[in-house]
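Visitor: Below, each chain spelled out in residue letters.
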Amino acid sequence: MAIHTIQIYRRFERIWHWSQAVFIFTLVFTGLAIHGTHDLIDFGLAVTIHTIVALVLLVLWAFVTFWLFTTGEWRQYVPSMTAKCRGNMLTMARYYSYGIFKGEHHPYEKTMLRKHNPLQMITYLLLKIAIFPSIWISGIAYLLLSIGMVDPFGFISLGTIAIIHTIAAIAVIVFIIAHIYLLTTGHSFKEHVMPMITGDDKVDLTKDQYDYLLANEPNKVKFD
Amino acid sequence: MNQSHTYWNNMLTTACRMILLSILCYANTAFASTTDHTKLDELKGPFANGPEVTKACLACHNKAALQVNHSIHGTWEYDHPKTGQKLGKRKVINSFCGNVVSNEPRCTSCHASYGWRDMTKKPPMATDENMTDCLVCHDTTGEYTKWPTGAGHPLYKPKKKKDKTHMPPDLAKIAQNIGMPGRENCGSCHYYGGGGDNVKHGDLSSALNNPSKHVDVHMDKDGLNFTCSKCHVADEHKWAGSHYSLRATDIEGTGKPGERRNSASCESCHGLEPHPKNSVIGLKINHHTDKVACETCHIPEYAKGGVATKTYWDWSSADKSGKKGEGIEDYVQGDGKHRHGYLKHKGIFKYGEDVKPYYAWFDGQIEYTNTDRKIDPTKVVEVNMIKGSYDDPDSRIWPFKRMQGRQAYDKVNNNLVYTQVWGPKTKTAFWTNFDWQKSITTAMKKGGKPYSGEFGFVDTYMYWPTTHMVSPKEEALRCKECHAEEGRLKDVNIPYMPGTGKTKLLDLIGMLAILGTLIGVFGHAIIRRITARMRNS
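So the protein sequences, as listed, match chains B and P.
13 is the number of the first residue of the first sequence in our numbering; add one for each residue after it.
37 is the number of the first residue of the second sequence in our numbering; add one for each residue after it.
In case anyone wonders, no lab produced these hints; they're calculated from the structure.
These figures come from a predicted structure and were not determined experimentally.
Yeah, the Cβ is synthetic: ideal placement off N, Cα and C, and Gly gets one too.
Take these hints with a grain of salt, some might be off.
[Claimed, not checked] Computed list of lysine to aspartate or glutamate pairs in DMTMM-like fashion (alpha-carbon distance at most 25 Å, straight line):
| hint | chain 1 | residue 1 | chain 2 | residue 2 |
| --- | --- | --- | --- | --- |
| 1 | P | K509 | B | E116 |
| 2 | P | K509 | P | D258 |
| 3 | P | K516 | B | E203 |
| 4 | P | K540 | B | D51 |
| 5 | P | K274 | P | D258 |
| 6 | P | K538 | B | D51 |
| 7 | P | K327 | B | D220 |
| 8 | P | K313 | B | E121 |
| 9 | P | K320 | B | E203 |
| 10 | P | K386 | P | D355 |
| 11 | P | K158 | P | D199 |
| 12 | B | K122 | B | D51 |
| 13 | P | K526 | B | E229 |
| 14 | P | K538 | B | E229 |
| 15 | B | K122 | B | E229 |
| 16 | P | K447 | P | D430 |
| 17 | P | K509 | B | E85 |
| 18 | P | K356 | P | D371 |
| 19 | P | K392 | P | D371 |
| 20 | P | K392 | B | E116 |
| 21 | B | K140 | B | E85 |
| 22 | P | K474 | P | D366 |
| 23 | P | K540 | B | E116 |
| 24 | P | K320 | B | E229 |
| 25 | P | K526 | B | D51 |
| 26 | P | K360 | P | D258 |
| 27 | P | K249 | P | E165 |
| 28 | P | K195 | P | E220 |
| 29 | P | K127 | P | E179 |
| 30 | P | K382 | P | D366 |
| 31 | B | K202 | B | D220 |
| 32 | B | K127 | B | D54 |
| 33 | P | K540 | P | E517 |
| 34 | P | K516 | B | D51 |
| 35 | P | K274 | P | D164 |
| 36 | P | K509 | P | E288 |
| 37 | P | K392 | B | D54 |
[Stated by the list, open to error] FRET-style restraints, in silico, Cβ to Cβ:
| hint | chain 1 | residue 1 | chain 2 | residue 2 | range |
| --- | --- | --- | --- | --- | --- |
| 38 | P | D326 | B | R87 | 42 to 50 Å |
| 39 | B | I188 | P | D430 | 54 to 62 Å |
| 40 | B | V71 | P | N261 | 34 to 42 Å |
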C-alpha cells in the first residue's frame, strides 16, 4: 500500500457540491425571510427566489440520483454492518471527542471505495434518505397546496406540512454548521476544501489498484 | 418557450379585454338614449309636484314604476334567502340613527318615492304608481334634491331655513334632462346614510363624485370614470349587489360580453385568476383567492379623498345640557370641513380617514340583531353579525368598516330597541324632548314590539363590508402587510400563515438546536486550542 494523489471527486460531483451549497444557502436565507426570522429581503422576492431555486435544486438532485445509480457511487453511502465498520465508527467518535484533543492523527484514511469516513458517510446517508426527502416532499406538497391542488395528501394540513419543512430546514442548518466546523479538524481547513475544488486527494492504494488505474483510468492519477 | 407562450397569451387576453372594454364603453354611450326628452310635449310642464312628473314618465315607460316597486329600492324589505330573517331598511337596527320606524319623514326622504310617512304600511307608490320618484335617480342636472324632511318630496315652494331661502327645483327642466343614473344620483342617498357624508359606509362618500385614481381606480374621473351601475348592473330596475347576502367569492367568474351579471363582484369582470401568470408571485396571489377576497388587498384603506367616516357614536352621552360634550373638539377632515365631535342631541362622535379595515372571515351572509334577538349586555353587542371560517369553502377574509357604538337596549328583555329621534312637533322624539323613555316607548309601540319600560345603554359593533374605493394596483397591499408578526390579519383565525411567527414553540426548539450546535462547535474548538497549547508548552 502506498499513498497516491488521485482524482477522487469527479467534475460532476464538484459542480453538484458547490451549486448545491449555493442553492442551500440561498434557500436558508430566503426561507428564514419567509418564516419571518429576518427582514433583509422583500417577502415577495424571497418567495420568488425560494420557489425557483428549490425547483432548480430538485432538477439537480434528479441528475445526482441518476448519476449515483449509473456510476455505482451510491455504494459510497451504504453502511456495511461488519464489525470493522462499526469499529471504525467508534474510532471516529473517539477521535472527535478525545483523540483530537490529545493531538492524535486523524484515524481514517480515504480509500477508493470509501471516500468518506464512517461518521461522514452515515451523516450524508441520513441527509439523503431522511432530511432532504422530508424537505423536498414537504416543499412540493406546500407548493401543490398553494397552487390550488386541494389537499394532495388529504390527511395533512398546510400548517403540518410547513412544520415538517421547518424542522427539516433546522436540521439542514445544524448540518451546515457541523459540516463547516469539521473542515477545520484533521489536517487543515485548506486540505479539506481543496479536494472538493480540484477533485484530487491523497488515497491509500494497493499496488494492484494503482496499476489498474494507470492502465485503465490514467487521467485519474496525478503525479506530484 | 413556455414562458413566452404564457406571456403572449397574457398579452392577447389583455388586448382582447381592452377591445371589449372599448366596445362596451362605446355601446354604453350609444345606449344613453334614443329619445331626445327635451322635444317631448309631455315634459314641457309646468309640473306642480313630483308625482305629476312621474305620471308623464309612466305614460311611455309604463312598466318602470312596477319594477321599482318590486325592487329593494321600493320595498325596503329583504327576505334573507339563507337565514330567513326579514331585513331591509324597514326592519333593521343600526348604530347610527337607529331605525326608520317612527322617524319616517326624515328617513324616507331617501326613499325612491313620494310621501311614505308610515313605516308600518307599504309606501304610497305600492298603490299609486305616480308616487314613484323617477327623478332622484334619473336627474342629470344636479338640481333635483329631496327635501330632508319631506318624506321623499322635493320643495315645491321657496322655504326659509336659517336665514337662507331654499328654492324649489325646476321640475320641467329636470324632466327634460333625464338620463341614466350617474354617481351623483346614487350618491345623493348612499353617500349620506347615517345622516351625513360618508357617515355610514366608510367607502361611499362625495369624494367619489370626482375621484382621483388613488381614491377609486374604476371611478377615476380622468381614467375609466365608471358609474355605479357599471358594476351594479341593472335589469328591470333591480341591481346586482346586496350587502345582506353577498357573494364572498364569485366562483362563476366572468360572464360573456353583454351578459347580465347577478353579482357586482370583482370576479364578475376580472375572473378568478386576474394576476399575470408569468411570475411566481402572480401565480401565488392568484391562488390566494381561495382564502382572501380581492377587496382585502386592493382596498388597503377606506374613507379616502378627504371625507371622513364616523367610527364611533355614543348615544348615551346625548344630553340636553350638552355637558358631556365639554372639551370635545371638532374633527377637521382632509378637505378642510369640520365634523362635529359632539352634538347634544346625538352624543359623542369619532371619525377616521384613510382607515385600515377590520378583517374577518366572511361567507357573505349577514344577520341582524334586531329587536327579536336576545343580547348579552355584559359584552359588546354585534348589531349585525358576520360569520365564516377558514374551513368553509365559501368564506374569504374580508375587509370591513367596524363601527363602534353605544346605544339603547331593553334592560329586562335584553334586546336592542327602536328609538324615535326625529319629530320636531312631537312630545316624544328624543331630538326635541331629550327623553329616552318617551322616545323608546313610542318607537317600540309603533314598531309593534314589546318594551319592558327599562332601558340602558350597551356598547355595540356594526360591520360594513368594504367594497368600494378600490386602489390602483400599485397601492395594493404588499405581502409583508399581512405576512408579519404584527400584520393586518393577526386577529383573524388562520391555522398557519408564513411570516406571522405563530410557530413559537418550533422556533424556540430550532433556535436552541442551532445555538446548541454553535456552542458545541465553539466549545470543541476552544478545547482543541487549549489542549494544543498545553501540548506545545
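Visitor: Confirm or reject each hint.
Guide: Hints and how they fare:
1. K509/P <-> E116/B: With Cα atoms ~66 Å apart, K509/P and E116/B exceed 25 Å; violated.
2. K509/P <-> D258/P: Given that 25 Å is the threshold and the Cα spacing comes to 16 Å, the pair holds.
3. K516/P <-> E203/B: violated, 44 Å
4. K540/P <-> D51/B: holds, 18 Å
5. K274/P <-> D258/P: Violated, at about 29 Å.
6. K538/P <-> D51/B: holds, 16 Å
7. K327/P <-> D220/B: violated, 67 Å
8. K313/P <-> E121/B: Distance ~54 Å between K313/P and E121/B Cα, so the pair is violated.
9. K320/P <-> E203/B: This hinted pair is violated, its Cα atoms lying about 45 Å apart.
10. K386/P <-> D355/P: Distance of about 17 Å is within 25 Å: holds.
11. K158/P <-> D199/P: violated, 37 Å
12. K122/B <-> D51/B: Cα-Cα ~43 Å, so violated.
13. K526/P <-> E229/B: violated, 63 Å
14. K538/P <-> E229/B: violated, 56 Å
15. K122/B <-> E229/B: Holds. K122/B to E229/B sits at ~18 Å (cutoff 25 Å).
16. K447/P <-> D430/P: violated, 37 Å
17. K509/P <-> E85/B: violated, 53 Å
18. K356/P <-> D371/P: violated, 31 Å
19. K392/P <-> D371/P: holds, 19 Å
20. K392/P <-> E116/B: violated, 66 Å
21. K140/B <-> E85/B: holds, 13 Å
22. K474/P <-> D366/P: violated, 30 Å
23. K540/P <-> E116/B: Judged against 25 Å, a Cα distance of about 43 Å means the pair is violated.
24. K320/P <-> E229/B: Judged against 25 Å, a Cα distance of about 50 Å means the pair is violated.
25. K526/P <-> D51/B: Holds, because 18 Å separates the two Cα atoms, which is no more than 25 Å.
26. K360/P <-> D258/P: violated, 46 Å
27. K249/P <-> E165/P: With a Cα-Cα distance of about 41 Å, the restraint between K249/P and E165/P is violated, given a limit of 25 Å.
28. K195/P <-> E220/P: holds, 24 Å
29. K127/P <-> E179/P: Given pair K127/P, E179/P is violated - Cα atoms ~31 Å apart, limit 25 Å.
30. K382/P <-> D366/P: Between K382/P and D366/P the Cα gap is close to 14 Å, so the pair holds against 25 Å.
31. K202/B <-> D220/B: Outside the cut-off at roughly 30 Å; violated.
32. K127/B <-> D54/B: violated, 42 Å
33. K540/P <-> E517/P: It holds: about 20 Å lies between the C-alpha atoms, which stays within 25 Å.
34. K516/P <-> D51/B: holds, 9 Å
35. K274/P <-> D164/P: At roughly 20 Å apart (the allowed maximum being 25 Å), D164/P and K274/P satisfy the hint.
36. K509/P <-> E288/P: holds, 23 Å
37. K392/P <-> D54/B: Distance ~22 Å between K392/P and D54/B Cα, so the pair holds.
38. D326/P <-> R87/B: 42 to 50 Å: Given a distance of about 47 Å, which is inside 42 to 50 Å, the answer is holds.
39. I188/B <-> D430/P: 54 to 62 Å: violated, 45 Å
40. V71/B <-> N261/P: 34 to 42 Å: With a Cβ separation near 49 Å, V71/B and N261/P fall outside 34 to 42 Å, so the hint is violated.
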